[in-house]
Amino acid sequence: METLPGVALPAPARPRAGVARVVANVLYRRSTLYLLLLLTPPLLWFGGVYLGSLLSLLVQSFYTFDDFTMGVTPELTWANYKALLDAANHDIILRTLSMAGTVTVASAVLGFPVAYYMARYATGWRKGFFYIAVMLPMWASYIVKAYSWTVILSKGGIIYWLVERLYLLPALEWALTLPGVGGSSLSTSNLGRFLVFTYIWLPYMILPIQAAIERVPGNLMQAAADLGARPTQSFRTVLLPLAFPGVVAGSIFTFSLTLGDYIIPQLVGPSGLFIGNMVYTMQGSIGNIPMAASFTVVPIVIIGIYLTVARKLGAFDAL
Amino acid sequence: MRSEARYEDGPRAPWWLKVLAYGGLLFLHFPILMVGLYAFNTEESAFSFPLKGLTLRWFQAAAEREDVLGAIKLSLQVAVASTAVALVLGTLLAGALYRRRFFGKEAINLMVILPIALPGIITGIALLSAFRLAEVTPNFWTIAVGHATFCVVMVYNNVVARLRRMPHSLLEASADLGADGFQTFRHVVMPQMATALLAGGILAFALSFDELIVTTFTAGHEKTLPIWLLDQLGRPRDVPVTNVVALWVMLITAVPILVAWRLTRGTEDVAGSSK
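Note that the protein sequences, when read in sequence, are chains A and B. Quick note on our numbering: the first sequence kicks off at 1 and runs consecutively. Quick note on our numbering: the second sequence kicks off at 1 and runs consecutively.
To be clear, the hints were calculated from the coordinates, so they are not data collected in a lab. All clues given are correct.
Distance condition first, Cα-Cα at most 20 Å in a straight line; then the derived EDC-like pairs of lysine to aspartate or glutamate:
1. A:K155 <-> A:E173
2. A:K82 <-> A:D66
3. B:K223 <-> B:D238
4. A:K312 <-> B:E106
5. A:K155 <-> B:E44
6. A:K82 <-> A:D67
7. B:K223 <-> B:D67
8. B:K223 <-> B:E64
9. A:K155 <-> B:D238
10. B:K223 <-> B:E66
11. B:K73 <-> B:E222
12. B:K73 <-> B:D231
13. B:K52 <-> A:E164
14. A:K155 <-> B:E43
15. B:K52 <-> B:D238
This one's a predicted model, so the numbers in the text were calculated from it and none came from an experiment.
Kindly produce the complete structure, drawing on both the sequences and the hints.
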């Protein structure tokens with residue numbers, strides 16, 4: 001128990017008369033008034049700035065964009081949503097979704113052993129070391145990390161050097177010819193883009209899994225062992241189901257963050273657009289806010305569904 | 001205590017798990033090491049490995065660049081402003097939500113998390129379209145307003161966790177001893193909450209300092225440090241300065257994160273406490 005300054009050295013509460021005491025007493029007695037006073041500033045901020053903006057965006061997704069005048073008129077239409085189903089736009093949505101899915105699976109596979117070791121085996125200073133070692137890359141600047149990967153993946157960079165040293169260059173070149181994976185070089189391939197995404201969102205997967213495993217009581221595993229389960233059995237039937245909500249919680253981050261990203265697809269990988277790039281281009285050079293708005297509804301809906309499923313799987317208790 | 005947490009047969013992790021765990025850490029740190037290395041690179045416009053030579057020259061060059069210093073200054077100012085707003089709003093929310101149950105509580109909780117749960121591009125374009133409707137030209141304050149909105153959750157999470165762990169009997173004892181609400185807040189709650197507030201503030205600061213995606217929408221012509229870096233990626237001639245600034249950014253954010261970690265360490269011990 002840490003020291004409680006207020007208790008260890010009780011400041012003599014001077015009985016004071018005056019406005020402050022009267023106000024304090026009124027607030028104590030009328031706790032609903034007190035609650036309202038606390039909530040008003042944040043609710044005004046979030047309601048006005050954030051929800052207001054989201055709503056206005058939603059409304060604008062029904063506005064009409066005139067291709068000839070390049071102007072937006074407030075005539076309501078479904079045209080923007082119908083346009084989402086065009087083959088080109090459809091492709092963009094599928095491309096983004098499949099990347100988000102792959103990155104999520106890869107992060108879970110890579111992150112689970114780290115989280116498991118952190119939660120179950122690292123003790124003492126090692127625990128702190130692992131925690132910091134995962135936290136620092138997570139908080140390190142996003143753009144610097146992305147930039148670093150453009151350096152790493154570049155021709156003549158360290159990966160190419162390493163691959164060449166290991167005499168694996170033909171293997172890499174073969175891998176780059178595969179459809180869906182390849183590109184002319186590592187930094188213009190889907191493989192490269194996938195690596196960068198996985199790298200950047202991996203810590204967001206590790207920490208929730210670690211927290212979930214940490215919460216599994218040790219005696220539960222002992223009980224499983226006492227009842228005759230082999231370590232692999234107790235891992236599969238006891239630990240894994242209890243750690244799964246942590247994986248789902250982590251996947252919310254990896255999935256949602258990949259889904260909305262538009263910087264990494266610009267920097268690394270082939271030329272195909274992501275949802276984010278489409279939104280950015282539509283609102284920027286073209287000025288077609290209605291189309292951009294309807295594009296943002298896609299990730300909102302997908303993440304809404306995802307969150308509902310995640311909630312059912314108990315992921316929110318693992319956050 | 002410690003032996004109780006151990007339930008595996010062997011006292012040590014299997015070797016393959018160790019390899020995977022440390023391999024994961026290596027993967028996480030490898031690009032960061034590369035940033036540190038390339039800042040000293042002598043080569044001016046390529047990334048060839050192994051490096052041709054090491055130099056400190058570019059640190060001098062970067063320190064003399066007006067645009068770099070301007071971007072750092074703007075990012076610091078935005079971070080200060082948005083952290084200040086986040087501290088006030090986050091604390092108010094934590095105070096309102098930590099104990100009482102009321103209608104709409106879940107909705108408010110969700111609303112606070114939403115700005116970081118939804119992809120930044122949605123927050124970004126929503127704010128931009130709202131600013132356009134309100135005919136506000138993007139400036140310092142539009143950036144700060146956007147940042148503050150998603151920074152609130154950092155303060156809120158830290159403070160609410162601390163308040164929930166604070167025994168309510170402390171407040172009752174304080175009232176019994178004759179303190180009014182303000183005195184209790186000043187002498188009992190504040191000392192308990194201070195480090196959580198500081199940690200939340202630091203995380204909010206770091207989040208704002210590094211934010212790129214929302215900022216690209218709300219910044220207009222202003223250049224925060226991450227936007228400056230993004231622009232630099234299209235300037236291959238300027239690579240050495242970019243490398244140095246990248247290293248600086250890493251160092252500037254690492255320090256507050258370590259401080260925040262130390263401040264909340266030991267209060268988050270959840271081992272074995274299944275919910």
